[in-house]
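K.L.:
Kindly produce the complete structure, drawing on both the sequences and the hints.
Chains Y and G are the protein sequences, given in the same order.
Residue 7 is where the first sequence starts when you use this note's numbering, and the numbers rise one by one after that.
Residue 7 is where the second sequence starts when you use this note's numbering, and the numbers rise one by one after that.
These aren't lab readings, by the way, just hints derived from the structure by calculation.
No distinction is drawn between identical chains; accordingly, a pair holds when it is met within one copy or between any pair of copies.
Using 30 Å as the maximum straight-line C-alpha spacing, the simulated DSBU-like pairs for lysine-lysine come out as follows:
hint, residue 1, residue 2
1, K69, K34
2, K51, K88
3, K51, K151
4, K34, K151
5, K56, K69
6, K34, K88
7, K8, K88
8, K34, K8
2 protein chains.
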Amino acid sequence: MKVLIVFAHPEPASLSAALRDEAVAALKADGHAVQISDLYAMNWKTTVDKADFPAMAPDTRLKVAAQSSAAFAANALTDDVKAEQEKLRWADMLILQFPLWWYTMPAILKGWIDRVYAYGFAYGVGEHNDRYWGERFGEGTMAGKRAMLIVTAGGWAEHYSQRGVNGPIDDLLFPINHGVLYYPGYTVLPPFVSYRVDRLDETGFTRTAAALRERMQTLATTEPIAYRRQNGGDYVIPTLELKPDLEAAGTSGFALHLNPTV
Amino acid sequence: MKVLIVFAHPEPASLSAALRDEAVAALKADGHAVQISDLYAMNWKTTVDKADFPAMAPDTRLKVAAQSSAAFAANALTDDVKAEQEKLRWADMLILQFPLWWYTMPAILKGWIDRVYAYGFAYGVGEHNDRYWGERFGEGTMAGKRAMLIVTAGGWAEHYSQRGVNGPIDDLLFPINHGVLYYPGYTVLPPFVSYRVDRLDETGFTRTAAALRERMQTLATTEPIAYRRQNGGDYVIPTLELKPDLEAAGTSGFALHLNPTV
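P.N.:
Now the structure itself:
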C-alpha cells in the first residue's frame with residue numbers, strides 16, 4: 007500500500023513526532039511505501055490568498071472557488087499545491103496526524119486543506135444541478151482510497167465521551183472525517199485518538215505506540231465508518247436532506263449520516 | 007459597547023467585507039466603539055512555532071502549553087499576540103467573521119485563536135485539580151463579555167439543516183461557539199449565517215444586510231445560547247461528564263450541553 011502521512015506539529019522531538027515514527031516503522035516493516043508531508047518542516051504556506059493563483063490578473067477580485075477552479079483546470083496552481091495533490095493521487099491511504107488544538111486541527115493543517123483541496127480536485131467534481139449534486143460524500147477524486155486521523159489530546163478520554171463537557175470526540179471530528187475525508191471520496195477509518203498526552207509516561211507511551219502499530223498493521227481490513235453515500239438514494243436532491251423514513255429511532259445530528267444497517 | 011470584529015477574508019471587495027462594513031456602520035450609528043482585526047490585511051502570522059516564544063532557549067523542546075504559560079506569565083509573548091489580547095480585554099463584544107471553508111473557519115483565523123488564546127489567558131485559568139477543573143465553559147478571562155459568529159456559506163440552508171448532508175449548522179459551529187467562545191467565559195449569541203452567498207443578488211444582499219444590521223442593533227438584548235456552566239453543578243468533577251439525571255429525553259451529542267430549562 008502507498009501511504010501519505012500529513013503531519014502537523016511544530017516540534018520534531020514531540021510525542022506526536024515519536025508516534026509518527028512508530029507508525030512509519032510499522033508501515034515500512036509491512037512493506038508499505040510511505041511519504042510524509044511534515045508541514046512545519048516544509049514551512050507550508052498556510053493562508054489562501056491571491057499568490058495561490060499566479061495566472062490571475064492582479065486587479066481581479068478574488069473569488070476563491072472560481073479562481074481555484076480556473077487554476078486547477080489550467081494546471082496553474084502553485085508548485086507546492088501541485089506537489090501535494092500529486093502525493094494524494096499517489097497514495098492509497100491518507101493519514102492526517104495532528105494535536106487537537108481548540109477542538110480541531112492546528113492552523114497549518116487547515117491551511118493545507120484550504121489550499122490543496124482545489125475546486126475540480128476535491129470539490130466541484132461532477133455535474134451540479136437540481137437532480138445531481140456532484141460526486142462527493144462517498145464519491146469523487148479519492149474514491150477507492152482509505153483515510154484516517156491520528157490525534158493527540160491533552161484532556162481526559164472522559165471529557166470527550168458521550169456525556170463529556172467537550173462533546174463526544176466522534177462529533178468533534180465529524181467535520182474532518184465526514185466533511186474533509188469522506189467528501190472527496192475517501193473511505194474513512196475510525197480515528198486513533200490518544201488522551202492526556204502531556205502526562206504520558208514511558209509505560210503509557212509503550213502502550214499507545216503498540217496500539218498505533220496495530221492500527222497500522224490493519225489498515226486494509228479495519229471496518230470503516232459507515233457514512234451514507236450522498237448519491238446512494240438516502241438523500242433528497244437538491245436539498246440533500248436525509249429521507250425521513252431512513253432515520254434510525256432516537257438518532258439526530260451528525261449520527262443521522264451513519265448507515266444503521268451496516 | 008466596545009466591539010471587536012476579527013475578520014478573515016482575503017478579498018477586500020468580497021461579500022464578506024461588504025457585510026462587515028454594514029455591521030460596522032450599524033454599530034457606529036448606535037454609538038458603539040468598533041475595532042477591526044482584519045487578519046489578511048494585517049498579514050497575520052498563522053502558525054504556532056518557536057518564534058512565538060522569544061524568551062525560550064533555542065535548543066529547548068517546544069511544549070506549546072508550557073511555553074505559552076511561561077511566556078504569558080512573564081509578559082513575553084510577541085507584540086502581535088499581545089496587541090490582540092489587549093483588544094480582547096478592551097472589547098465587551100467579540101465578533102468572529104469568516105467564510106465557512108471545509109465546515110469551519112479559514113486557517114488564518116484558526117491561527118489567530120491558536121496564537122492569541124494563550125495559557126493563563128484563555129485556558130489554564132484557575133486551579134485545576136481533582137475537585138475543581140479551572141475557570142472555563144462559562145467562566146474565565148472573558149466572563150461578562152458577549153460574542154458571536156458571522157458566517158457566510160456557499161451551500162444551501164437545507165444542506166445545513168437538521169437532516170442536511172453537511173450536518174446541522176449549530177453542530178458544525180459547536181466546536182467554535184462552545185469550545186472557543188464559551189470556553190474562556192464569553193456569553194455566546196446565536197450565529198448570523200448566510201447561505202448560497204456565491205449566488206447572492208442585489209435583493210438578496212439588501213435583505214441579508216438588513217438582517218445583519220438588526221442583529222447588530224440587538225447585541226445587548228439577544229438571548230444567548232443556553233450552554234451549561236462547567237462549574238454550575240451539572241457536571242461530575244473531574245471526569246466532566248454531564249450528570250445522567252440532567253439529560254433531557256431524546257437528547258444526545260452536543261445538544262446535551264444546552265440547559266433545557268432556560
